[in-house]
Structure formats: structure tokens, C-alpha cells
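Go ahead and model the full structure; you've got the sequences and the hints to work with.
Heads up: the sequence lines are chains A and B, in that order. The opening residue of the first sequence carries number 1 in full-length UniProt numbering; numbering runs sequentially from there. The opening residue of the second sequence carries number 1 in full-length UniProt numbering; numbering runs sequentially from there.
FYI, nobody ran anything at the bench for these hints, they're computed from the structure. Predicted model only: the values in this text are computed from it and were never measured. Do not take every clue at face value.
Distance condition first, Cα-Cα at most 20 Å in a straight line; then the derived DMTMM-like pairs of lysine to aspartate or glutamate [as the list claims (entries may be wrong)]:
#	chain 1	residue 1	chain 2	residue 2
1	A	LYS27	B	ASP62
2	A	LYS124	B	GLU142
3	A	LYS46	B	GLU49
4	B	LYS123	A	GLU142
5	B	LYS124	A	GLU243
What follows is the residue order along each chain.
Number of protein chains: 2
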Amino acid sequence: MPRLVMKFGGTSVADLDRIRNAATRVKREVDRGFDVAVVVSAMAGKTNELVGWVRQTSLLYDAREYDAVVSSGENVTAGLMALTLQEMGVPARSWQGWQVPLRTNASHGSARIVSIDTEALEKKFGEGLHAVIAGFQGLSPEGRITTLGRGGSDTSAVAFAAALGAERCDIYTDVDGVYTTDPRITRKARKLERIAYEEMLELASLGAKVLQTRSVELAMRYKVKLQVLSSFSDVPGTIVCDEEEIMESRVVSGIAHSRDEAKVTVIGVPDRPGIAAALFGALAEGGVNVDMIVQNISADGRTDMTFSCPVDEVPRARVAIDAAKASGALDFTGLDVDEDVSKVSIVGIGMRSQTGVAHRMFQALARDGVNIKVITTSEIKVSVLIDRKYLELAVQALHDAFELEKIS
Amino acid sequence: MPRLVMKFGGTSVADLDRIRNAATRVKREVDRGFDVAVVVSAMAGKTNELVGWVRQTSLLYDAREYDAVVSSGENVTAGLMALTLQEMGVPARSWQGWQVPLRTNASHGSARIVSIDTEALEKKFGEGLHAVIAGFQGLSPEGRITTLGRGGSDTSAVAFAAALGAERCDIYTDVDGVYTTDPRITRKARKLERIAYEEMLELASLGAKVLQTRSVELAMRYKVKLQVLSSFSDVPGTIVCDEEEIMESRVVSGIAHSRDEAKVTVIGVPDRPGIAAALFGALAEGGVNVDMIVQNISADGRTDMTFSCPVDEVPRARVAIDAAKASGALDFTGLDVDEDVSKVSIVGIGMRSQTGVAHRMFQALARDGVNIKVITTSEIKVSVLIDRKYLELAVQALHDAFELEKIS
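Given below as C-alpha cells:
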């Protein structure tokens, strides 16, 4: 029988009524003839509560115990979902990570999946027993419980879909798909029928919070067809798939934004080899997630280095840069920090074959008087840093310029 | 190194402050040189919440899923306790039932312990790592999670104490020991310094809710010295031990009561062999927990059969008796049900060697005008059924008659 993985996030299993609603959707697919593996998150809020307790016990907590505590939320939902399915006449049983087992490495708190033994699970499929799997968790080589990092249930679901050769992996959430941009910014935002893995990957890492980035990478690697859809409505969702499966080519598929960015310029750095390594080495050690990097033209043997990072990491960046200066590793004459910037990006696989896309973007922004502070590009993406006050204006202007309201 | 098992009930680990308080007690024993195995219950209220959710999914729920859901509460506490101990400088790790493993039979919801593999745990003791064990749970032959029935963490604790050859098993709870009777009924109630297993067993099954009956049975069988004590005070608790270890012999050690009993008399039953089997067989099948049984003198080939049971099981008893009559298995002329009775019992190993104890009991009750409806005795116990309104009076009278306020 064909197999389907259905993943329900925390808001979709937040209470018993919602679990029943999710179970109804599972039953529908069972009735269509699928062997279904349901992957569940913890009830909404549960994981935060457990994480809060762990953090209160200790600042430097043992990640193995963190995992033992935090994984319990998914176990509860898995059992309740199995019971609810049984009550609806769908034979099902729950599986905890160690029971499958889903094996991971020993990186507690953000473990990587090593393998999934699907034998026992497939044997039960053979007996007509559908599977309800506690997401987010696995078994370490030492026989201890691991977790895959926040949002890890998406990754669990994709990994099971790959291991089981599932026809599709449906990710049920509280939005009904992937949109051309944030619908709260423009009513013209349209739901995409399909999106390519690479586009989704860019959008995910650019701040569209629909899917965990790792799960998209995994889906792309193993060619798992993903569908993002709502557990609260019956409209079709967005299919995330190979670009070959997307008929009409689009130059730009979506516009992502990241509101709370900061731009830091280190002024008057000696323009000599190794200086970038010194600066960004110090920032990496200081735990600063540097995003965009620009180096200005040199003058008088000195140059300016500009980078962006999340605004709440600015204090850490200052500490790291000052420490590097104090140690003699880095020399500079001044620091310019702008904490009121946002990043706006256009993403589309069509950019690869079409020229002038960046130009159209800059024109559209210029037309509305939006000044660009920093630019970076990749093969399928152009990002700009702008004053935060222009964020909504810029997103709307770009959405219009690339005619995204005409997309479907 | 000598070993100690310390078990903390739900009220002793109800929140992070209480877990810290419990951990302080563990540290004290570690500092005294013990290898400690801490057995924890779920935070107070947690198990009830989980059981409630399971019951809402289905009336006839799958006990395997019940166990998967309900066992999660202990996992949370075990991890948090391990973290808290680590923070206090006590090396510790958590163990879930399947990790030890503690093996049980497949009777989900009320599984019996089959064996405990202590090898991995003892190896960790050798590395200086104390154990925090999730109570109440085990692993079935099929590799699924089982639970030991309500209050099962006591049983887990005693089983670990036996398997590890622990010097003592300390049961921390919200009372500071075992009392001669319920202190809410008489201020003269005294805490016992020591009590024999058999006495504790009678008191436990007679309604003193300090320890799960099964845990006392297990302690008696494996000669595990138990101590019942409070996690909220520093006074010594009550030691439950072999009667040889109790110096001064006492005729009566305690007075137990069970408030909500019913007395049912089946009138005019034919006085012939097999009739008791027919009646009590029907009651057993109907799920009625029959306690005391009395058969009256026969007259005209007919007799009356009287039994007691918990008052909330009377409807079930009526159904079972009527069904037995309808099927022709049982004949009788009438049914007399008294739902306003209570049971009071005196318990003491000294009764074995001393005569006249029951007589002293009946005299004391008669002196205060308490009418006795049914009497049963065992080697170390005399129980009477009385009108509920006399319950407190009877307990106080017996406490005085046997001078239990002088016990220590």
C-alpha cells in the first residue's frame, strides 16, 4: 500500500479537540488507502514549559537531561493521538523514538539523524496498524534520549517519509501554505501552489517560519515531496518539490523579510591580508551570527568593514570587537552601529536564467524613495538592508513590481 | 559503598522548589557515603491530568497507550531531579524504566515486576554517578512501556532496594510516619518508631494510605527495611521492619478505619453446598470487592449471607445478585442493604501470643454504646463493622482502651 507521512505541529494538537480534528484528517487518508505514519509535536506551549523548568534548574544544564525532560511532551501527544484514532476505528499504535528506533548522534539538544530502522514499523503496517510517532526525538549511541532541536518534528517527519518511501509528507500547521510574502504586510500576498526546494530553503532561512530549514534540506536531498497545509481548513496547501515539477517558470516566487537586523561598520581597519579573518573569527567565537558582509574601497591603507547581524546580538558583537582590539588582533578607528535596519529579500529560481532581476528590484525601491544600505546576492536571491521604517513599503513595492499577486 | 534508595512522592516533587528540597536530602545521604538511587513520582497532579486526558479519548482505552502517556510524568521529574542534583555538585543521571531496564509482564496499567537488570546502573555507581529513576514504569516483553498501577512508585522503590541490596529504602511523603491511628480523628494519635511488615500490610490494606500494599508485600518478601518519613521536616520517620527487630512487644500497634463501607445481607438463601460459591462467584465477576463475609445460623433449610463492600460498589453488587437470580444460579427471598456503615480494625502482632484482645475491643465499644454489626478476625487483626455515625467515637475509644497514646 502507498505510504503517507502526516505531521501535526503543536497548535494542531494543542488540546483533545484539536487532536480529534487532526485524527479525522488521518482517517480520511487511511480511508483513501494509505498506510499512514503520523508524526506529532508536543501540545502547544508544552515544550516551552519543560524548557523553562530545565533552565530554572541550572544555567549550564546537562543536555542529556534536557533531552530526557523535553522529549516527554511528544510522548503524551503520540499516545493520545493513537487512542483517538483507535476510537475512530483506525488501528494505530504509538512509537517513541527509542522504540522505532530512530538513531541519532550524541549531540544532545540538536542531534543529527543517523538512521531509522523501519523494520518493526513496517511489520506493523503489514498487520494493518498505522503508526503514531513522537517527533523531535531519537536514541543516542549510548542508549539515551536525544532531541533534534526546536522545530525538529518537521525533520523527523521528512526523515520518516524518506525512510518509508512515502508518497508525500504532509506538514499540517496553522497557516494554509507558503505565501508570496507575509500576508500581514500586504493583502495582495498569494498562496503558492508549488515552490522549489531551493526557494523554500532560502525563504525558510530568511525568516519565513513555516518549516524548519533542516527539514527542507533533508527533503531536497532525499526528494521527499512536502506539502505545507492547515489543519484548520480544507483547502489544498503548498507543495514543496523539485523545480522540474514546477511548470511555469517564475522569476521571483516570494519576498522574505527579517525585521530586527543591525548594521555594524568597523571604521578604519588596516587594509591588509588576515584582517577579515581576525574580525569575523572574533565575532564567531563571540557567538554572533553574522549575515551580510561588505568591504568598502580602501583609502590611505585603511578600509571600512560592514556586516549585519540580529539586533539582539549587537552587545555581544561590541564585546567581541573590543576584546579583539584589546588583544592587539584587530585595529580600527571607530565603530558605527545602526540598530534600525531590516532585511528584505526576493527569492526565485527563475533568476538563474533571467538577467536584470536585481535591477528591477533596485528600481522599484528607488521609485518609492527607499535607500539601500547593503546588498548581497546569491544564485536565486537578492537581499538588501534598508531602514526599518521602510520595511512594509519595500515589501509592498517589490510584491507589485514582480506582479506576485498574479501568481498561483 | 553502602546503597540507599530514596523515594519521593508527588507532593515532595510538586514544583522546582520542592525538587530542590528533596535534592538537598539526597545530597545529605550522598555526603554520608551512600550510593543513592532516587526513585521519583510525577509532580503532584500530573498523573491525574494525564489519566484524565486518556479517559476523555475513549471509555475502553488501550492500556498500552494509557501507559505510554501516563508514564511521561515520572520522566520529567527524573530529569529535573538529576539536573538539580548536578547543580548541587552531586553527579547524577536519570534512568527511565526501559533504560535500566526494569522488566515487567504485559499487564498494562497494573504490571508486575519480573526482573531488574542492575548491571548498567551499578556500573555507573562505580563511576560515582548516582541514579535518579523514574518510578511507576517498566518495560514489557514486547518492548512497550508498562506502569505498575497507582502508587506504583513505592513498589518501584522497594524493588530497586531489593535488587541493589540497599541498606534501607526511605519513602519520603507528606506525613512524617505511620501513626497509631488517623491524627485527624484523635489528637492522641502517636507516631510509631517501628512497625512490623505484617502490621503495616494490614494497616495499608485497611485504608491507611501511607504506602501501596504491594510495596509492603515486596519489602516483607525481600526483607527490605523501609522508612516512611516526611520530606518537609527533619524528624525521624517510622521504620517498617521484621518483627524480630522490634524490641518491646505491643498487643495493638494501630487502629485503622475505612469510612465508606456497605453491609449487604442476602436473605433466605437455600442452605446447601455451592450456594456461597454461586453468590461470591457472581459478585467477583461483577467486579465487586467483597471484604467481610458472615453466614448466619440456618433455619428451615434457609440461611442469610452477609458481606461488606465499598459503598460505591453497591449498584454493581445489586446487578450481579439480580442477574444470578435471573439465571437460576442463586435463590433468595430478600436483600437488605445498609449503606451507612464503617469498618474499624485493631492491628498488632502481639495478638498472636496474647488472649482476650478481641474481648477488650468489644468491651470498649460496648462501654460507649457502639453496636457491632459484623466481626472478622485474622491472626493479627480484629475488624468490626459499625454504624458510620459511631466511627470517630469508636476509634477514640479503642485508642484509649489499648493505651496507644503511650506508644512510641
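Structure-based check of all given hints:
In summary, the hint linking LYS27(A) to ASP62(B) is supported, as the alpha carbons are separated by about 18 Å, within the 20 Å threshold. For the hint linking LYS124(A) to GLU142(B), the alpha-carbon distance of about 13 Å falls within 20 Å, and the restraint holds. As the CA atoms of LYS46(A) and GLU49(B) are separated by approximately 14 Å, the hinted pair is consistent with the 20 Å bound. Distance check on the hinted pair: LYS123(B) and GLU142(A) sit about 14 Å apart at the alpha-carbon level, within 20 Å; holds.
At roughly 53 Å between alpha-carbon atoms, LYS124(B) and GLU243(A) are farther apart than 20 Å, so this suggested pair is violated.
The structure fails to meet hint 5 from the earlier list, while all remaining hints are met.
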